[in-house]
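K.L.:
Sequence:
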Amino acid sequence: MKRLLITGFDPFGGAEINPSWEAVRRLPEQIGAIQAI
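First residue of the sequence shown? That's 1 in the working numbering, and the numbers climb one at a time after it.
Since the hints were derived computationally from the structure, they do not count as laboratory data.
Note that this is a predicted model, so its numbers are computed, not measured.
Any given hint could turn out to be false.
Dumping the calculated SDA-like pairs for lysine to any residue here, alpha-carbon to alpha-carbon at most 20 Å [unchecked claim]:
{"hint": "1", "residue 1": "K2", "residue 2": "P28"}
{"hint": "2", "residue 1": "K2", "residue 2": "A33"}
{"hint": "3", "residue 1": "K2", "residue 2": "V24"}
{"hint": "4", "residue 1": "K2", "residue 2": "G32"}
{"hint": "5", "residue 1": "K2", "residue 2": "L27"}
{"hint": "6", "residue 1": "K2", "residue 2": "I37"}
{"hint": "7", "residue 1": "K2", "residue 2": "Q35"}
Pair ranges (Cβ atoms, derived) [said to hold, decoys possible]:
{"hint": "8", "residue 1": "R26", "residue 2": "M1", "range": "33 to 41 Å"}
{"hint": "9", "residue 1": "G13", "residue 2": "I34", "range": "17 to 25 Å"}
{"hint": "10", "residue 1": "G14", "residue 2": "Q35", "range": "17 to 25 Å"}
{"hint": "11", "residue 1": "R26", "residue 2": "R3", "range": "15 to 23 Å"}
{"hint": "12", "residue 1": "G13", "residue 2": "Q35", "range": "25 to 33 Å"}
{"hint": "13", "residue 1": "A33", "residue 2": "G13", "range": "32 to 40 Å"}
{"hint": "14", "residue 1": "P11", "residue 2": "A33", "range": "28 to 36 Å"}
{"hint": "15", "residue 1": "G32", "residue 2": "F9", "range": "24 to 32 Å"}
C-beta: ideal position from N, C-alpha, C; glycine also.
Let the sequences and hints guide you as you build the complete structure.
P.N.:
Okay, here's the thing in structure tokens:
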């Protein structure tokens with residue numbers, strides 16, 4: 001199985017959310033034959 005590393009970051013600089021983390025956390029763990037890690 002192929003793997004895809006996807007990253008997101010915690011909020012920083014006083015922000016309450018970070019859009020990169022919000023996008024990553026909504027992705028499924030597997031997309032077709034690719035495992036997201």
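K.L.:
Find the hints from earlier in the document that the structure breaks and name them by number, from lowest to highest.
P.N.:
8, 9 and 10
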